[in-house]
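A.B. asks: Going down the list, the protein sequences come from chains A and B.
So the first sequence is residues 0 to 485, counted in numbering that gives the first Met the number 0.
So the second sequence is residues 0 to 234, counted in numbering that gives the first Met the number 0.
It is worth saying that the hints were derived from the structure and are not from the lab.
Just so you know, not all the hints are guaranteed correct.
As the list claims (entries may be wrong) - Coverage of chain B stretches by chain A, computed from C-beta distances (three or more under 8 angstroms per stretch; other residues unrestricted):
{"no.": "1", "segment": "74 to 87"}
{"no.": "2", "segment": "103 to 113"}
{"no.": "3", "segment": "144 to 154"}
{"no.": "4", "segment": "157 to 167"}
{"no.": "5", "segment": "180 to 190"}
{"no.": "6", "segment": "197 to 210"}
Said to hold, decoys possible - Computed far set for chain B versus chain A, every beta-carbon distance over 12 angstroms:
{"no.": "7", "residue": "Ala-25"}
{"no.": "8", "residue": "Leu-28"}
{"no.": "9", "residue": "Ala-29"}
{"no.": "10", "residue": "Asn-46"}
{"no.": "11", "residue": "Glu-48"}
{"no.": "12", "residue": "Glu-64"}
{"no.": "13", "residue": "Val-66"}
{"no.": "14", "residue": "Cys-68"}
{"no.": "15", "residue": "Pro-96"}
{"no.": "16", "residue": "Val-215"}
{"no.": "17", "residue": "Arg-216"}
{"no.": "18", "residue": "Asp-217"}
To be verified - Coverage of chain A stretches by chain B, computed from C-beta distances (three or more under 8 angstroms per stretch; other residues unrestricted):
{"no.": "19", "segment": "54 to 60"}
{"no.": "20", "segment": "456 to 469"}
Model, not experiment: these values are computed from the prediction.
Cβ coordinates follow ideal geometry from the N, Cα and C atoms, glycine included.
Now for the letters of each chain:
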Amino acid sequence: MTQPASDKVILDPRFAPPFPQGALNVLRNPQLRKNVAHAIDVIQSKRGKLVAEKTDWQELRSAASALRAHVLENLDAYLEEFEARCTAAGGEVHWAADAAQARQIILGLLRQEGAREVIKIKTMTSAEIQLNPFLEAHGVKTYETDLAEIILQLGEQEPSHIVVPALHVNRAQVREIFARRMGLENLSDDPQALTAAARTYLRQKFLTIPTAISGANFLVAETGSVAIVESEGNGRMCLTLPRAMITLAGIEKVLPRFGDLELMLQLLARSATGERMNPYTSLWTGVTPGDGPQRFHVVLLDNGRSAMLRRPVERQTLRCIRCAACMNACPVYRQTGGHAYGSVYPGPIGAILTPQLMHLQHAQTLPYASSLCGACYEVCPVKINIPQVLLELRAQVTNQERHQAARFLDPMYLGLRIANFLFARAGRFHLAQRFGRSGIRLFTRRDGWIHSLPSIGAKWTQTRDLRGFPRQTFHEWWAARDKEAK
Amino acid sequence: MTSSAEARQQILDSIRAGTESVAQSAAKLADAYAALPRAYNHHGQLNTEALLALMVERLREYGAEVVECSPGQLTATIAAQLSASGKHIFAAPAGLPAAWFIPGFDWKVDYNLTTQEIELAEGVVTSSSAGIADSGTIALHHSPAEGRRVLSLLPDWHLCVLYASQVVESLPEYFSRIPQPPRLATWISGPSATADIEMTRIKGVHGPRFFHVVLVRDERKPETAAERLPQANDL
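From just these sequences and the hints, can you work out the full model?
C.D. replies: Next up, the structure:
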């Protein structure tokens with residue numbers, strides 16, 4: 000694979016720029032920031048209202064958290080049960096250790112079907128394994144059917160959110176993409192008209208393309224069923240009209256029993272889109288004669304997941320049900336949008352998931368893409384303690400660097416060694432404060448803010464301002480106050 | 000496929016290397032599952048009137064049309080809804096009660112209708128398996144009276160009959176009353192919608208744009224919480 004041009008958004012962690020650099024591109028694009036902030040504000044206020052009306056929200060979170068942890072502890076047993084039930088119901092289960100295997104299995108199944116075209120329900124897992132470019136390169140045309148995914152596919156853009164992937168695109172931009180790619184010069188930028196254009200564009204594809212690919216929200220071990228939540232009905236189209244269906248699912252998506260859906264469905268829509276329930280949730284079990292696809296395959300994808308089970312702190316990452324509440328709540332995501340994360344999984348969950356999927360060989364800057372404020376943990380419906388995992392990953396990244404001799408040339412490393420020396424004794428600390436204050440005053444503007452610093456300090460000031468230091472420290476004020484009192 | 004079998008072993012081995020699971024027997028697994036905390040609300044609080052009022056309110060919030068009637072008025076109510084729709088060609092599952100086939104309309108009964116034939120229908124009439132008031136959700140288990148999944152998907156107008164005795168307050172109540180997990184299910188909470196463009200909610204992307212519910216006020220005894228939902232083949 001060749002390295003893509005640097006001005007393009009890259010969501011492959013192996014080639015993406017480090018987070019601070021990726022963030023810079025967005026921070027300099029006011030339109031993009033406005034689009035992201037608007038979308039986030041709408042979801043956040045809807046979610047807030049609906050969570051508040053749920054009197055047992057915390058009990059639901061605790062139950063879901065325990066259930067998902069239980070699944071991960073017993074993942075082998077539940078996967079085997081799912082495989083047995085799904086097979087008994089007429090489905091075929093395939094296992095893929097990594098992305099390359101999953102792509103080959105899917106391509107093989109499509110060849111078996113003689114498929115030259117395939118319709119797709121939105122699946123972030125397929126984006127994770129970069130399925131579309133692979134299939135296109137092997138002569139299979141892919142049609143995304145979720146409205147946001149059509150916008151991205153036709154506009155040749157990358158997703159920036161896992162639930163509303165095109166939230167960075169506004170209506171005028173959608174109009175431009177649709178007008179150009181669908182040949183509709185007189186299209187208006189009214190969302191109603193744009194949605195209608197997408198409906199017409201896809202209707203014929205739904206009715207004629209006999210093969211579909213989906214992801215999965217949940218796999219039910221007890222029954223071998225698969226569940227998908229959606230809003231538009233494109234999912235229902237893909238699940239019922241084609242003759243053959245391939246579902247790609249991460250191994251962590253399994254739930255023990257059918258009844259466990261009562262818990263997850265209460266949490267998912269409220270957390271994801273601020274709805275009590277999404278318009279359509281579909282459940283199917285293997286193959287049902289006379290109803291829906293008559294050939295059904297599930298591809299279970301590992302791709303770095305099983306290795307995450309070995310570390311108890313990081314393991315909780317796999318409880319995730321992909322609701323995106325963490326990115327909607329994140330002050331960093333709100334400013335940078337999703338592309339800065341250089342992965343199809345952005346936001347706080349992406350910051351912990353992506354580096355682990357990459358075995359910490361790539362995306363090492365992502366664990367630092369957080370202020371550790373904890374908003375993500377507070378909203379997470381399965382109580383993933385994201386700040387805790389971030390810290391654990393930071394420790395691992397630091398440990399990696401500790402073995403590199405080049406660290407002695409790194410100003411950050413040297414700076415932290417000096418800080419370590421200064422902070423170790425109160426006397427040294429107070430002295431450093433006094434010198435620091437007079438030094439920093441040179442850079443403080445009249446408005447009390449520092450807008451730019453030289454050398455290593457620029458790392459902070461290139462993306463944000465720093466409040467100038469006060470004339471007095473708290474300790475000094477306290478001491479002076481004591482003296483006055485006497 | 001051999002490579003899939005190898006991958007299977009590799010993945011399961013890798014999972015077992017990281018978890019305690021391999022030491023557990025099936026009985027221990029069931030015990031651990033049974034011991035999981037489930038302190039959330041399992042039972043509804045509302046009386047029948049409040050429950051049905053909530054169901055109607057939530058359906059209307061989603062933009063579904065709701066009419067209520069007594070069991071005796073059902074046929075007349077369906078007839079009135081069909082007439083008011085201005086549509087003429089209706090698809091129907093083969094198991095739909097005979098009385099609901101209102102004369103004067105062109106009925107396409109699903110004895111293996113092709114996709115193209117269903118696509119030509121302007122509307123569809125089905126029964127349903129349950130209503131969940133808290134989220135305004137209608138559950139289809141795709142019994143003979145509810146029809147195949149595609150039948151309630153392609154026509155732009157869907158009339159769904161729901162009995163008051165099938166309405167429960169919450170998802171946990173609904174799940175606790177299902178005797179056997181259905182092989183297929185579609186949970187519908189209002190018409191097809193999207194908010195993908197600037198978070199503006201637009202009704203009707205691919206599924207039916209118009210969702211009508213006839214709520215039939217049949218006898219709903221206070222003790223219905225203990226009763227099971229009607230099963231797929233009861234209807």
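A.B. asks: Take the hints in turn and mark each one as holding or not.
C.D. replies: To see whether the hints hold, each was checked on the structure:
no. : hint       : result
1   : 74 to 87   : violated (count 0)
2   : 103 to 113 : violated (count 1)
3   : 144 to 154 : holds (count 4)
4   : 157 to 167 : violated (count 0)
5   : 180 to 190 : holds (count 11)
6   : 197 to 210 : holds (count 9)
7   : Ala-25     : violated, 8 angstroms
8   : Leu-28     : violated, 6 angstroms
9   : Ala-29     : violated, 9 angstroms
10  : Asn-46     : holds, 18 angstroms
11  : Glu-48     : holds, 20 angstroms
12  : Glu-64     : holds, 15 angstroms
13  : Val-66     : holds, 21 angstroms
14  : Cys-68     : holds, 25 angstroms
15  : Pro-96     : holds, 21 angstroms
16  : Val-215    : holds, 22 angstroms
17  : Arg-216    : holds, 24 angstroms
18  : Asp-217    : holds, 24 angstroms
19  : 54 to 60   : holds (count 4)
20  : 456 to 469 : violated (count 0)
Checked against the numbered hints above, the structure violates hints 1, 2, 4, 7, 8, 9 and 20; every other hint is satisfied.
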